[in-house]
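Residue numbers (my numbering), protein chains in the order written: chain U, 1 to 363; chain G, 1 to 367; chain C, 1 to 246.
None of these hints come from the bench; they were simulated from the model.
Note that the structure is a prediction, hence the values are computed from the model and not measured.
Do not take every clue at face value.
To be verified - In silico DSS-like pairs for lysine-lysine, Cα to Cα no more than 27 angstroms straight-line:
1) U:Lys194 to G:Lys66
2) G:Lys200 to C:Lys14
3) U:Lys194 to G:Lys114
4) G:Lys114 to G:Lys66
5) C:Lys142 to G:Lys365
6) G:Lys200 to C:Lys142
7) G:Lys202 to G:Lys23
8) C:Lys9 to U:Lys194
9) C:Lys9 to C:Lys223
10) C:Lys9 to G:Lys202
11) G:Lys202 to C:Lys223
12) U:Lys194 to U:Lys76
Claimed, not checked - Only some residues are given here: those of chain G computed to face chain C with a beta carbon under 10 angstroms:
13) Arg2
14) Met3
15) Leu13
16) Arg17
17) Pro212
18) Val213
19) Ser214
Beta carbons are placed, not taken as given, at the ideal position from N, Cα and C, and that holds for glycine.
Spelled out from the first residue to the last, the chains are:
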Amino acid sequence: MGGFLSFVKKETLHILRDSVTMLIALLMPVVQILLFGFAISTEVNNINVAVVVPHATEAVRKAVSRLEANPYFTFKGTLYGSQIDETLRSGRADAVVVFAADYDRRMAALAAGMPAEPPVQLIMDASNTNTATAGAGYLQSVLTEGMAGFSAPETHLLFNPQMKSAYNFVPGIMGLIFILICAILTSISIVREKETGTMEVLLVSPVRPIRIIFAKMIPYFALSCLNLASILLLARYVLEVPMSGSVGSIISVSLLYLVLALALGLFISTIANTQVTALLISAMLMLMPMIMLSGMVFPIENMPGILQAVSCIVPARWYIDAIRKLMIEGVPFADVLDDFLILVSMTVVLIGVALKKFNDRLE
Amino acid sequence: MRMLRVLLEKEFLQFLRDPFLPKMVIVFPMMVMLVFPWVTTMDVRHVGVSVVDNDRTEASRRIVQKIGASDYYTLHGISDDFGVSLRALETGDVDVIVEIPDGFEEALAEGSSKRVSISANGVNAMKGSLGMQYLLQTVSATIAELQRERGGEPPTVPVVVQNRYNPTLEYRYYMIPALMIMLLIMITGFLPALNIVSEKEKGTIEQINVTPVSQFHFTLAKLMLYWIVGFVVLTLAMLLGWIVYGLVPAGSFGAIYLAAMLFVLVMSGFGVVAANYSSTMMQAIFGMFFFVMIFILMSGLLTPVESMPEWAQRITFVLPPRYFIGIMRAVYLKGAVFTDLWRDYAALAGFAVLFNTWAVLSYRKQV
Amino acid sequence: MNNPIISVKDLSKKFGDFTAVDRISFEVEKGEIFGFLGANGAGKTTAMRMLCGLSYPTSGSGTVAGFDVMREGERIKRRIGYMSQRFSLYDNLTVWENIRLYGGIYGLSRREILRRAVVVLNRLNFRSESRTLVGALPLGWKQKLAFSVATLHRPEVIFLDEPTGGVDPVTRRQFWELIYESAAGGTTVFVTTHYMDEAEYCSRVSIMVDGRIRALGKPAELKKQYAAQTMDEVFRTLARGAKRAE
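Same shape as in the complex, but just chain U (with noise of 0.2 angstroms):
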């Protein structure tokens, strides 16, 4: 026991020196957290809108007017017809709105229940699919306010009822950063060790090879309590996150993630011989998937099934899955119990798999 304590003060003097990288690892999530869960957001909340007014009658100038009052539009001027393609093109607009010559004719003939060309039409650049139809539906709305003997729906977007973007992220980067951390932290002083001969050196030493590597991992594990409790005081207190569910249960799953994620370092550590190689597999190959597939920024359930099938080997989900639950749902434990089950079989997979593979390659 007391050469496994030694290894770990060995372990913690040298994170304890390299200052620089102890810095970046302790700062690096509290500005992340704090940059992404106030920035992003999907919400579309500003469409660009120019207009074509080739007879501007009263009921257009009206028309015109309201688009402009309208704090959801921001208006970008009047075009003629012929500049519509180019605005669109360069981006100075989202969409244009073309009044027809006899605007107020066919709106007439409207009123009177009678056949008519539409007197408008609006023309969205749908190369951005979420301000296209985001934008349609509320021009529609807009535009049609008032008209006599109309009878379609009229469409509202809420916008931020209850200020809720400002945390929608948090347990997505939560589950993106501990991981992405953690994982690097562990497999690259692993390799590093591998690398510079220094872990023969370890390795013939009296203490067996599982106790090394715990040594290894303890005082990562203890950088990242502290970056867990840094996110989650900011979360609360900053974001302003309700962390509605117990702070018990969110920090106990936290906690089984963090180990999850250094058995992943661990794991990559035994199929990596070089830093390069361990950085590129923990640090590129790792990210986008972990972004992308984890329901972070794109909702699962709109995956194709085969995606939401590979989803399911990404520990991220289930984390982000439980923490959205306990913080923002706030349900029981119980609730999220599928979830942790999860990632205790993912930790204990990996754990066994890089011991295996650890202890075939010393043999």
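Fit chains G and C to the given chain U structure using the hints.
Coordinates of chains G and C only, in the frame set by chain U:
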């Protein structure tokens, strides 16, 4: 010139001989281009709907029944209090609220208007706005049906919508250029940084430092390698976009490659700067990683820049991918030309000059 | 001495409060094999890095091959060769590719590189290994190759930082034969080592203790001065008072 040639030879030989890197340059884009576009689909199902029925007539019940029958929607109850439905929307159970006004049926019979109102949650733009569009169609069709039954004329649509550039509203087409950029960020940013730091750790860089090789030549040789790698990656990704998804740039290849050329220079210059300030792999990777995450999450690749708060939008002006994503989407989907986007090109060129000058200056042969 | 190729006066290097090299002065004559001795941490490597233009002196002055170490580092680099204690050829390039790279860096023509490579490889009995990756060679071979590559451009001075660390006595012997050959060809050799038997092979040696030069002269003179049988004894006498240890 001769100096540059021998250094380039060295960089290419080392790259090609690496057991991992050349494979990654091929496999990574394939993985990204074949898998991720499917993730970013917009086929929304199970939109949560709550109906506020203030009318409680046969006509209003018809609307409710139509909504309940479609598998696009999950009906979360009918109330007569908008407040109740709004709270359900706030907790996230409901994405869209349909409110039927009192006297709806009566008005219908008279042929006058009492408008149904559809309110969607704007926070989840995908479910909210798409759900709203679906419901608009469902409700309009039902009203037309009701009006015909009562012997009236269905209402004429006063506004027609034309979706230009992407008439089928294929969200995937919007995301594919973004995925290409993510690829370029990862490959041409991380690889040069790792390359230089690994020379530092092995000590080979010190051997170079006692030779007459200038900072400029040494850095340039590395940049040129990743420049070519970037082009290979982009070309491969564009080929896959065409073969698998049938997406070809509406604009010119020249406009795309010019922007890509500048952007790869920006990213690899940035990688070299990060490496020059780091003495260990860990420092370099954490530094890069920090910025790469900001690049991916904040420059409009995945979520629109316009939905960020004002201060965050200001930050995006110093993120080079912001300009590249603008160019890529405009050229790829809208067929924009250089003159439409010269400001974005100028910004990228500015960053390229900045980071590469910085890269050369921050490399110290003598300390 | 009339025409020193290395001339150093009161050269110092400080890192914060720590004085790694403390006002050293010496001169090295063209064609000499100058042994730069000292215990680990005595400041040898720091001093050598200043002479090679890798590190700026904090104070003092010095010239190498006629150029100032403070201001003309890049010009010095054209005239010297350097081989550090850390093996520094590229592992994932072949023997020939490494030779071609460094030859090209010093501006030798392709033809000239090929000509000199043949000479070097024959000299080392490496002909058959020219297409082998350097990483696959045994350490002793790597060191000899590194030396040959560092002298390929026929530098005026070659700096060797503990070149024989970790190699067997036979290879060390062969390595010193290479050094002698080089010196006979007119190249000045500046070598740090802590093998005291190697110190005996040098024309002159200096011994550094705690950042300062404590003794300087021909090995025979120093042994006489300290009434010692071997350089090892001389060194131990001087190093006894050292405060710095690794």
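Notebook entry, point to check: Which hint numbers doesn't this structure obey?
Noted result: Going through the list in order, the structure violates hints 1, 3, 8, 10, 11 and 12 and respects the others.
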